[in-house]
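A.B. asks: So the protein lines, in turn, are chains A and B.
Residue 0 is where the first sequence starts when you use numbering that gives the first Met the number 0, and the numbers rise one by one after that.
Residue 0 is where the second sequence starts when you use numbering that gives the first Met the number 0, and the numbers rise one by one after that.
Quick caveat, the hints were computed from the structure, so don't treat them as lab data.
Hints may be right or wrong, so weigh each one.
[Claimed, not checked] So the derived label-pair ranges between C-beta atoms look like this: (1) A:53 - B:39: 15 to 25 angstroms; (2) A:10 - B:10: 50 to 60 angstroms; (3) A:105 - B:138: 48 to 58 angstroms; (4) A:58 - B:114: 46 to 56 angstroms; (5) B:114 - A:140: 36 to 46 angstroms; (6) A:124 - B:77: 31 to 41 angstroms; (7) A:95 - B:137: 28 to 38 angstroms; (8) A:139 - B:114: 16 to 26 angstroms; (9) A:62 - B:114: 52 to 62 angstroms; (10) B:115 - A:58: 41 to 51 angstroms; (11) B:77 - A:57: 52 to 62 angstroms; (12) A:58 - B:119: 46 to 56 angstroms.
[What the hints assert, rightly or not] Quick look at which bits of chain B chain A covers, simulated, 3 or more residues with Cβ under 8 angstroms: (13) 37-46; (14) 104-117.
[Unchecked claim] Here are a few chain A residues that sit away from chain B, every Cβ distance over 12 angstroms (derived from the structure): (15) 18; (16) 40; (17) 44; (18) 81; (19) 114; (20) 116.
All of these numbers come straight from a predicted model, not from anything done at the bench.
Glycine included, every Cβ here is placed at the ideal spot set by N, Cα and C.
Protein chains: 2
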Amino acid sequence: MRVLGIDPGLTRCGVGVVDGAPGAPLTLVRVGVVRTSPDDDLAARLLGIEQGIEELMDEVRPDAVAVERVFAQHNVSTVMGTAQAGAVAIVAAARRGLPVALHTPSEAKAAVTGSGRADKAQVTAMVTRLLRLDAPPRPADAADALALAICHLWRGGAQSRIEAARLAARSRMKGSSGR
Amino acid sequence: MRVLGIDPGLTRCGVGVVDGAPGAPLTLVRVGVVRTSPDDDLAARLLGIEQGIEELMDEVRPDAVAVERVFAQHNVSTVMGTAQAGAVAIVAAARRGLPVALHTPSEAKAAVTGSGRADKAQVTAMVTRLLRLDAPPRPADAADALALAICHLWRGGAQSRIEAARLAARSRMKGSSGR
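Construct the complete structure from the given sequences, taking the supplied hints into account.
C.D. replies: Here it is as structure tokens:
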């Protein structure tokens, strides 16, 4: 199973693709960041994020997408952009009929370190170890996207299959009405 | 000029389409609400909103789209859904190369009533009058989307044209690189 993890953000949107299955070794497929410029307006930035994620999905063909769940309690100045970037990622995946799961930062941290309150260094160290990499993944802030993908591989299986079946049914309904 | 106004929301996303130009009478083209069920998961809901807005844009072919600008200070329990629904609307329009403008609720109220603090009844009354309707538009909560469209027709002209030119230039660049 191939999972695309997305750590949404307007300026830097982390993306990480991991192959694996419960009980099997994990393999790093891709890691990176989709960037947009704060000088651009919101429409151009959201479009840039959509295009970056679409191109990545075209290339790696994930089986499922895991997006960080955003909470309104977080830093007010960035939370809106995070929610908007996340929405674009979610709908891009759903449009392809891919199952989309939302995991909290704590769930992702707990999946790779055993603790929902692990710090960034600990998450990066464990992601590096679990993916059997010689060095920490670069760019550094994409480690969270990899942790999300690993989290999903280890806990999201059953939930994803149900949702995929439901989205496929929806697509068929839409298709039969002429779209 | 034909403007699609969008008052974003996950459960009810108001849409209103108005024809007009500065100094000319306004004409109502379409008003409605794109609904999604709170029982569905977020991916299915965002996809439903995207499909509703795509279908509407296919039918009415707007020249510009005006979306309500969301502030993080608002009601925390609904603001995330509003931001997510808004992002889906914004990127759907930008994908077509349509200019997208964001107007605050105060700007929309001030455009149709003269006061940024007008209440719902006042906004509805003025939208009804400005569009020369025999009765208030239904559903009632779509009046805000119409106010947004009118606001944009009256103040957004110059800004929209610049942005349209920029998005068109972007599309050409993307096109030449093989997408």
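A.B. asks: Has the region 104-117 of chain B got at least three residues whose CB is nearer than 8 angstroms to a CB belonging to chain A?
C.D. replies: violated (count 0)
A.B. asks: Establish whether the coverage given for the region 37-46 of chain B by chain A is satisfied; the threshold is a Cβ-Cβ distance below 8 angstroms, and no fewer than three residues must meet it.
C.D. replies: holds (count 6)
A.B. asks: Do the beta carbons of residue 58 of chain A and residue 114 of chain B sit within 46 to 56 angstroms of each other?
C.D. replies: About 52 angstroms separates the Cβ atoms of residue 58 of chain A and residue 114 of chain B, which means 46 to 56 angstroms holds.
A.B. asks: Starting from the hint 28 to 38 angstroms, judge whether the C-beta atoms of residue 95 of chain A and residue 137 of chain B obey it.
C.D. replies: Hint holds: Cβ distance 36 angstroms, inside 28 to 38 angstroms.
A.B. asks: Residue 44 of chain A: least C-beta distance to chain B exceeds 12 angstroms?
C.D. replies: For residue 44 of chain A, whose nearest Cβ neighbour in chain B is about 9 angstroms away, the distance does not exceed 12 angstroms, so it is violated.
A.B. asks: Is 52 to 62 angstroms a correct range for the gap between the Cβ atoms of residue 62 of chain A and residue 114 of chain B?
C.D. replies: holds (53 angstroms)
A.B. asks: Is the nearest CB of chain B more than 12 angstroms from the CB of residue 116 of chain A?
C.D. replies: holds (23 angstroms)
A.B. asks: With 12 angstroms as the threshold, tell me whether residue 18 of chain A passes as away from chain B on beta-carbon distances.
C.D. replies: About 22 angstroms separates residue 18 of chain A from the closest Cβ of chain B, which puts it past 12 angstroms; holds.
A.B. asks: Holds or violated: the 41 to 51 angstroms window for the beta-carbon distance between residue 115 of chain B and residue 58 of chain A?
C.D. replies: holds (47 angstroms)
A.B. asks: Between residue 139 of chain A and residue 114 of chain B, does the beta-carbon spacing fit 16 to 26 angstroms?
C.D. replies: Given about 50 angstroms between the Cβ atoms, the range is violated.
A.B. asks: Holds or violated: the 15 to 25 angstroms window for the beta-carbon distance between residue 53 of chain A and residue 39 of chain B?
C.D. replies: holds (23 angstroms)
A.B. asks: Should the hint that residue 10 of chain A and residue 10 of chain B are 50 to 60 angstroms apart at their CB atoms be regarded as holding?
C.D. replies: violated (30 angstroms)
Of the numbered hints stated above, those contradicted by the structure are hints 2, 3, 8, 11, 14, 16, 17, 18, listed in ascending order.
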